[in-house]
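Going line by line, the protein sequences match chains A and B. Numbered by the numbering used here, the letters in the first sequence go through residues 1 to 641 in order. Numbered by the numbering used here, the letters in the second sequence go through residues 1 to 122 in order.
Simulated from the structure, these hints should not be mistaken for laboratory data. For each residue, glycine too, the CB sits at the ideal point set by N, CA and C. Possibly wrong hints are sitting among the right ones.
Capping the alpha-carbon separation at 25 Å, the derived lysine-lysine pairs in BS3-like fashion look like this [unchecked claim]:
| id | chain 1 | residue 1 | chain 2 | residue 2 |
| --- | --- | --- | --- | --- |
| 1 | A | K226 | A | K244 |
| 2 | A | K278 | A | K337 |
| 3 | A | K435 | B | K111 |
| 4 | A | K315 | A | K226 |
| 5 | B | K111 | A | K446 |
| 6 | B | K42 | B | K26 |
| 7 | B | K26 | A | K435 |
| 8 | A | K244 | A | K278 |
| 9 | A | K446 | B | K26 |
| 10 | B | K111 | B | K78 |
| 11 | A | K139 | A | K203 |
| 12 | A | K401 | A | K390 |
Residues from chain B that face chain A, not an exhaustive set, calculated with beta carbons under 10 Å [unchecked claim]:
| id | residue |
| --- | --- |
| 13 | S3 |
| 14 | I5 |
| 15 | E13 |
Take a look at the letters that make up each chain.
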Amino acid sequence: MKIKEFDIIPAAMHESYRNADYSLQMKSRFVYYLNVVMMVLILVTMFITGYNQYIRSESGNLYWPVIMLEIAVLFLVIICNILLVKGQYKIAVHTLAITTFVLIWSAMFIDQGDVISRVDSIVFVVAVMSTFPLLLSSKSNLIFYYIGFNLFILSVFTYISFKKNDFTELSAIDYLFNCGIAILFTGLVGYFNFTINRKSIEKTESSISKRKIAEEALGESELRYKEFAEMLPQAVFEFNAEGKLTFLNQNGYQMFGLNGDDPPELGILSFVVEEDRKRIHEAFTQLMKNDWKEGNQYTGFRNNGELFPIEVFSKPIIREGKIVGIRGICVDITERKKVESELEMHRNKLEYMVVERTEELEAMNEELRATNEELYIQRQELTDTLENLKEARDKLVHSEKMASVGVLAAGIAHEINNPLNFIKGGALGLEEYIKDNLPEHHENVKMLLHAIGTGVERSAEIVSSLSHYSRTGESLQNDCNIGFILDNCLVMLHNSTKNRIRVEKDFGDAGIVVSGNEGKLHQAFLNILSNSIQSIDGEGVISIMTRFADDRIETVISDSGAGMEKSVLSRIFDPFFTTKGPGKGTGLGLSITYQIINEHGGTIEYLSEPGAGTSARITLPSKINGQHSSTQHKSDHKTSQ
Amino acid sequence: MNSRITFLYVDDEPINLMLMETLFRKRFNIITARSASEGFEKLELNRDITIVISDMRMAKMNGLSFIREAKMRFPEIKYYILTGYEVTEEIEDALRNGTINSYFKKPFQMKEIEEVLMNSAD
Chain A
1 MKIKEFDIIP AAMHESYRNA DYSLQMKSRF VYYLNVVMMV LILVTMFITG
51 YNQYIRSESG NLYWPVIMLE IAVLFLVIIC NILLVKGQYK IAVHTLAITT
101 FVLIWSAMFI DQGDVISRVD SIVFVVAVMS TFPLLLSSKS NLIFYYIGFN
151 LFILSVFTYI SFKKNDFTEL SAIDYLFNCG IAILFTGLVG YFNFTINRKS
201 IEKTESSISK RKIAEEALGE SELRYKEFAE MLPQAVFEFN AEGKLTFLNQ
251 NGYQMFGLNG DDPPELGILS FVVEEDRKRI HEAFTQLMKN DWKEGNQYTG
301 FRNNGELFPI EVFSKPIIRE GKIVGIRGIC VDITERKKVE SELEMHRNKL
351 EYMVVERTEE LEAMNEELRA TNEELYIQRQ ELTDTLENLK EARDKLVHSE
401 KMASVGVLAA GIAHEINNPL NFIKGGALGL EEYIKDNLPE HHENVKMLLH
451 AIGTGVERSA EIVSSLSHYS RTGESLQNDC NIGFILDNCL VMLHNSTKNR
501 IRVEKDFGDA GIVVSGNEGK LHQAFLNILS NSIQSIDGEG VISIMTRFAD
551 DRIETVISDS GAGMEKSVLS RIFDPFFTTK GPGKGTGLGL SITYQIINEH
601 GGTIEYLSEP GAGTSARITL PSKINGQHSS TQHKSDHKTS Q
Chain B
1 MNSRITFLYV DDEPINLMLM ETLFRKRFNI ITARSASEGF EKLELNRDIT
51 IVISDMRMAK MNGLSFIREA KMRFPEIKYY ILTGYEVTEE IEDALRNGTI
101 NSYFKKPFQM KEIEEVLMNS AD
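Isolated chain B, as found in the complex (with noise of 0.2 Å):
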C-alpha cells in the first residue's frame, strides 16, 4: 500500500534539508538528518529507507565516510552523494567499486533525482 519510496538525506546545512523536504515530500517519503551519527540514528529507526542521499561536506564525518559504515550495516540501500564540489577521486572510486550508485551535483536538477529514486525501487 505505500508504495512511496522513502529515502534518507544527510546534510548539514538546514536550508539545504528544508528545501528538500519541501520539494520531494509530494512524492516521497523524506526523512532527513543533521549529521552522520543523525544518520545512523535514522537509520536504525527507520528500516523501510532504501535510499540514502548524502551531502559530501559534513562537520565530523564526511558523507563518503557515512556511506561507507552505513553501507556495511545496511547493505541493501541505495547510497548517493550529493556535493557541491568538485567529483573527487574518492567519489569517482566509490562510485566504480559500488559504494555509491551515482552522484549528483549542486545545484541540482530536481529532474534527476526524482527519475533516479523513481528507478531505484526496481
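Okay, chain A solo, but in the shape it has when bound (with noise of 0.2 Å):
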C-alpha cells in the first residue's frame, strides 16, 4: 500500500502478513500507522510537557517522574511495532493497548498538574477502547477484560480523586457514574461492533468460499463436459434457439473440416445437403417443441464439398423450463453404411446361394427319392428273383431225385434185363422141350412155366419202367395227336372201365397235336387214367378234357374217385410212392409220367379233395401246325402202373 509516491510500510511487514487475511492486513498497517503516530505523538508531549515544567519550575528542574513514564511508554511502543512488523499482531497490539491505557492512567493519576484536564483525560480512556474493533484480530471476548480493568481503575481514580479534591460525593458519583457509562458503552459497542463485523466478514468470506468451491465446481464441471465432449469419437455439438452452432467439439471440426477454435458462425441448415435441409429443418423445429425421435440419418456436408452419411441423435437444452437450443452427437455412418450394403450384399449372395443350395438339395433329393424307388422296385425284383430261384431249386432237387433214381434205376435195368433173359428163354426152351418130348406132363407143368413166365414178365415190366429214366434215345420230333392217344389209352384200359366206369371224353378242335414221343406220351396218359380208374371204387365216372389255351394245349383229366389228402397229393410225384398194397404198384408211375411232361416241356398239376374225387390237368406246348405223320417206330406197348 503506498501513501502518495512511497510506503512506509517496511518489506518485512509486508511479508509477515502476506498471507493474512485482508482484514488483519489491513488492521495491521492501522496499527503500524498508529504506533507512529502515537510515537510522534509522545516525542511531542515530551517536550511539550518538558518544556511547560522548565517553565513552571524555577529551578529549572523537570518532573523526571513524567519523563520517564512517557520514555517508558515510547519504548513499548516501538517494542509494539517491532513485535508488528516481526508479525506478533496479537502481542503488539495487546501490549500496545495495556501501554495506552497505563499511559493514560498513569497520566491521571500522575499528573498534579489541572484537575479538569485530569479528569477529562478518561475520554482517552474511552477513545482507546472505540479502537478495540479496528484492534482486535479474534477473539472479542479479551474486551470485556479491558472494561473490567478500566472500569476498576476507573473507581480507583475516582475514589483516590474524591478524596484528594474537594469533590462532593454527587459529583464523584455522577462522574464515576458517567464515565463508567462511555467506557461500559464504548467497550460493549466496540464488542458487538467487532463481533457483527467478523461474523458478516466470515459470512462472507464463507459465502466467497462456497462460490469459490462453486465456481471451481462449476470449472470442474465445464471440463468435465470439454473434455468428455472431446473425448467422444463423434462430433458433439450444440446449436441455439436460432439454429446458430454454439458449440462444437474436435472431432466435429475434423468431421466436417472446420478449421478454429471457436465455432464458426454457421447455420444447422449448412451441416446437411440442399435435399436434407428441409427435413434437418423440420426435425430441429420439432425439437425446439421438446419433441423428438432419435437417431436420423442426413447426408453431411463437408467444408470441401464432400457428402458423407451422417446419423444424429440430439435433445433439447431447457433452461428454467424454456428449450434454449439443441445438444446431441453426429455419427459419422461411411464405414457402417459401407458394412450395411456389404452385409446386405452377403446377405443377397446367401440368400441367392441358400436358394440355390436347397434347389440343388431338392434335385438330390428327387433323385434319391427316385433311386430309392428304383431300390425298392429293385428289392422287389430281387425277392421275387429269390423266390423263383426256391422254385428253381426245389425243382431242381426233385430232378436231382429223379436222376439219381434214373441213374440207379438205368443201373439195374442194364444188369437185370440179361438174366432175365435167361429165365425166360430157359422157361421157354423147357416148355418146349415138355411139349416135345412129355406131351403128357404139358398140362400140369404149364402153370409152373406160366407163373416163371409172369414172374420175369413182372420183372421186366419194372426193369422196364426204371429205366425209362435214362432212356433218352426215342425222338421227341414227332406229331403226336393228343386225342388219338388218349383213344388209344381208353382202348388198352377197357377191361379195367367197361360196365363200370362212364368215359366222358370232350377232345376240343380236332387239330389238337403237340410234337413229341407218342410212345411216351402214350405211357403218361396211360398212367394217370390207370391211377384214375384205379381210385374209383366200384362205379364212377371219369372225364377227359382237351383244348387249346393259348399257344399251349390243356388237357384235364378228372375222376369221382376216393381222391387224396394233402400229405399224399404232395408226394404223388415221388418216385416209389404208392398207396397201394406190396406187389400192386412200384410207386413209380407218376414219377414217369411227370418226367415225361417235362420232357415235353408242359407241366403237370393235380388237384384232390378227399371223397371230391381228382384232377389231373396237363399242359404241353402246341405244335403250331399241327400235321399227322405216319411214324415207323415202334410204339411202347408195355403199360405200365
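Relying on the hints, combine the two individually framed chains into one complex.
Structural data, given as C-alpha cells:
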C-alpha cells in the first residue's frame, strides 16, 4: 500500500502479513500507522510537558517521573511496532493497548496539574476503547477484560480524586457513573461492532469460499464436459434456439472439415446437403417443441464439398423450463453404411446361395427318391428272383432225385435184363422140350412154366419202367395227336373200365397236336388214367377234356374217385411212392409221367379233395401247324402202372 | 426145298446162345457166333444167312459196329439188334438210316422175333 509516492510500511511487514486475510492486513497497517502517530505524539508530549515543566519550575528541573514514564511508553510503543512488523500482531496490539491504558491512567494519576484536564483525560480511555474493534483480530471476549480493568481503575481513580480534592460525593458518583457508562458503552459497542463485523466477514468469506467451491466445481464440471465432448469419437454439437452453432468438439471440426477453435457462425442447415435441409429443419423445429425422434440420418456436407452419410442424435437444452437450444452427437456412418451395404450384398448372396443350394438339395432329394424307388423295385425283383430261385432249387432237387433214381434205375435195368432173358429163355425152352418129349406132362407143368413167365414179365416191366429214366434215345420230334393217344389209352384200359366206369370225352378241336414222343405220351397218359381208374371203387365217372389254351394244349382228366389227402397229394410224383398194397404197384407211374411231361416242355398239376375226386391238369406246348405223320417206330405196348 | 430161314445170332453170353438155339432150331436154321469176329467168319462160311440178330453189348466190338461192318460186306442181309439195355440214340440212328431193320429188347418175346423172322423172307 502506498501513500502518495512512497510506502512507509517496511518490506518485512509485507512479508509477515502476506498470507494473512485482508482485514488483518489492513488492521496491521492501521496499527503500524497508529504506532507511528503515537510515537510522534509521545515525543511531542514529552517535549511540551518538558517545556512546560521547565518554564513552570524556577529551578529549571524537570519532573522526572513524567518524563520517565513517557520514555517508557515510547519504548514500549517501539517494541510494539517491532513485534508488529515481525508478525506478532496479537502481542503487539495488546501490548499497545495495555501500554496506552497504562500511560493514560498514569498520566491521570500522577499529573498533579490541572484537575479538569486530569479528569477529562478519561476521554482518552474511551477513545482507546473505541479502537478495539479495529485492533482486535480474533478473540473479542478480551474486551470485557479491558472494560473490567478500566472500570476498576476508574473507580480507584475516582475515589482517590474524590478524597484528594473537594469534590462532593454526588459529583464523584456522577463522574464515576458517567465515565463508567461511557467506558462500558464504548466497550460493548466495540464488542458488538467487532463481533458483528467479524461474523459478517466470516459469512462473506464463507459464502465467497462456497462460491469459489461452486465456481471450482462448475469449472471442473465444465472441464469435464469439455473433456468428455472432446473424448467422444463422434462430433458433439450445440445449437441455439435460432439454429446457430454454439459449440462443436474437435471431432466435429475434423468431421466437417472446419478449422479454428471458436464455433463458426454456421446455421444447422449448412451441415447437410440441399435435399436434406427441409428434413433437418423440421427435425430442429420439432426438437424446439420438445418432441424428437432419435437417430435421424442425413447426408452431411463437408466444408470441402464432400458428402458423407451421418446419423444425428440430439435433445433439447432446457433452462428454467424453456428450451434454449439443442445438444447432440453426430456420427459419421460412412463405414457403417459401407458395412451395411456389404452385409446386404452378402445376405443377398447368401440367400441366393441358399436358394441354389435348396434347389440342388431338392434335386438331389428327387434323385434319391427316384433311386429309392428303383431300389425298392429292385428289392422287389430280388425278392421275386429269390422266390423263383427257391422254386428252381426245389425243382432241381426234385430233378436230382429223379436223376439219381434214373441212374440207379438204368444201372439195375442194364444188369437185370440179361438174367431175365436167361430165365425166360430157359422157361420157354423147357416148355418146348416138354411139349415135344413129355406131352402128357405139359398140362401139369404149364402153370408152373406160366408162373416163371409171369415172374419174368413183371420183372421186365419193372426194369423197363426204371430204365425209362435214362432213356434218351427216342425222338421227341414226332407229331402226336393227343386225342388219338387218349383214345388208345382208353382202349388199352378197356378191361378195367367196361361196365363200371363211364368215360366222358371232350376232345375239342381235332387238330390238337403236340410235338413229342408218341410212345412216351402214351405212357404218361396211361399212368394218369390208370390211377384214375384205380381210385374209383365200384362205379364212377372219368371225364377227359382237351382244348387249346393260348399257345398251349390243356388236358384235364377228372375222376369221381376217392380223392387224396393233402399229405398224399404232395407226394404223388415221388418215385416209389404208392398208396397201393405190396406187389400192386411200384410207385413209379406218376414220377415217370412227370418226367415225360417235363421232357415235352409241359406241366402237370393235381387237385384232389378226399371224397370229392381227383383232377389232373396237363398242359403241353402245341405244335403250330399240326399235321399227322405216320411213324415207323414201334410204340411201347407195355403198360405200366 | 430148304424153305427154312437161316439166321445168325451173335451174342457173347453162352447161355443166350444155347437158349436161342433150343428155342428156334425147330423152325429155323440158327447159326450162332460168340463174338463179332466169329460172326464175320460164320457169315463168310454161310452164304445163305439172310438175317442177323446181334446182341448189343459184346466184349471187343459191340453189336452195332459189327452190323455196320457186316452190312458193308453183306448188304442183302437184314440186320437186327437185340439189347438188354436201353434203346440208345445210336440204335435209333441205326434204325433211322436203315442199318438195322428193327430192334428187340430183352427179355425177348418169342412171338415177336418169330414174326419178324417170318416176314423178313418177303
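Going through the hints against the structure:
A distance of roughly 19 Å separates the Cα atoms of K226 (chain A) and K244 (chain A); the hinted pair therefore holds under the 25 Å criterion. A C-alpha spacing of about 22 Å is found between K278 (chain A) and K337 (chain A), which places the hinted pair at or below 25 Å, so the restraint holds. Distance restraint check for K435 (chain A) and K111 (chain B): the Cα-Cα separation of roughly 17 Å lies within the 25 Å cut-off, and the hinted pair is therefore satisfied. Among the hinted pairs, K315 (chain A) with K226 (chain A) is consistent with the structure: their alpha-carbon atoms are about 18 Å apart, no more than 25 Å.
Distance restraint check for K111 (chain B) and K446 (chain A): the Cα-Cα separation of roughly 18 Å lies within the 25 Å cut-off, and the hinted pair is therefore satisfied. Simply put, K42 (chain B) and K26 (chain B) have alpha-carbon atoms about 20 Å apart, close enough for the 25 Å limit, and the pair holds. Restraint check for K26 (chain B) and K435 (chain A): satisfied, since their Cα atoms lie roughly 12 Å apart, inside the 25 Å limit. Distance check on the hinted pair: K244 (chain A) and K278 (chain A) sit about 16 Å apart at the alpha-carbon level, within 25 Å; holds.
Only pairs whose Cα atoms come within 25 Å are accepted, and K446 (chain A) paired with K26 (chain B) is accepted, the gap being roughly 20 Å. Under the criterion of a C-alpha separation no larger than 25 Å, the hint pairing K111 (chain B) with K78 (chain B) is consistent with the structure, at around 18 Å. Taken as a hint, the K139 (chain A) and K203 (chain A) pair is honoured in the structure, with Cα atoms around 17 Å apart against an allowance of 25 Å. With a C-alpha separation of about 16 Å, the suggested pair K401 (chain A) and K390 (chain A) falls inside the 25 Å cut-off, and the hint holds.
At about 21 Å, the closest approach between the beta carbon of S3 (chain B) and any beta carbon in chain A exceeds 10 Å, and the interface hint on this residue is violated. Interface restraint check for I5 (chain B): the shortest CB-CB distance to chain A comes to about 18 Å, outside 10 Å, so the restraint is violated. This hint holds: E13 (chain B) has a C-beta 7 Å from the nearest C-beta of chain A, less than the 10 Å allowed.
In summary, the structure is inconsistent with hints 13, 14 from the numbered list given earlier, while agreeing with the others.
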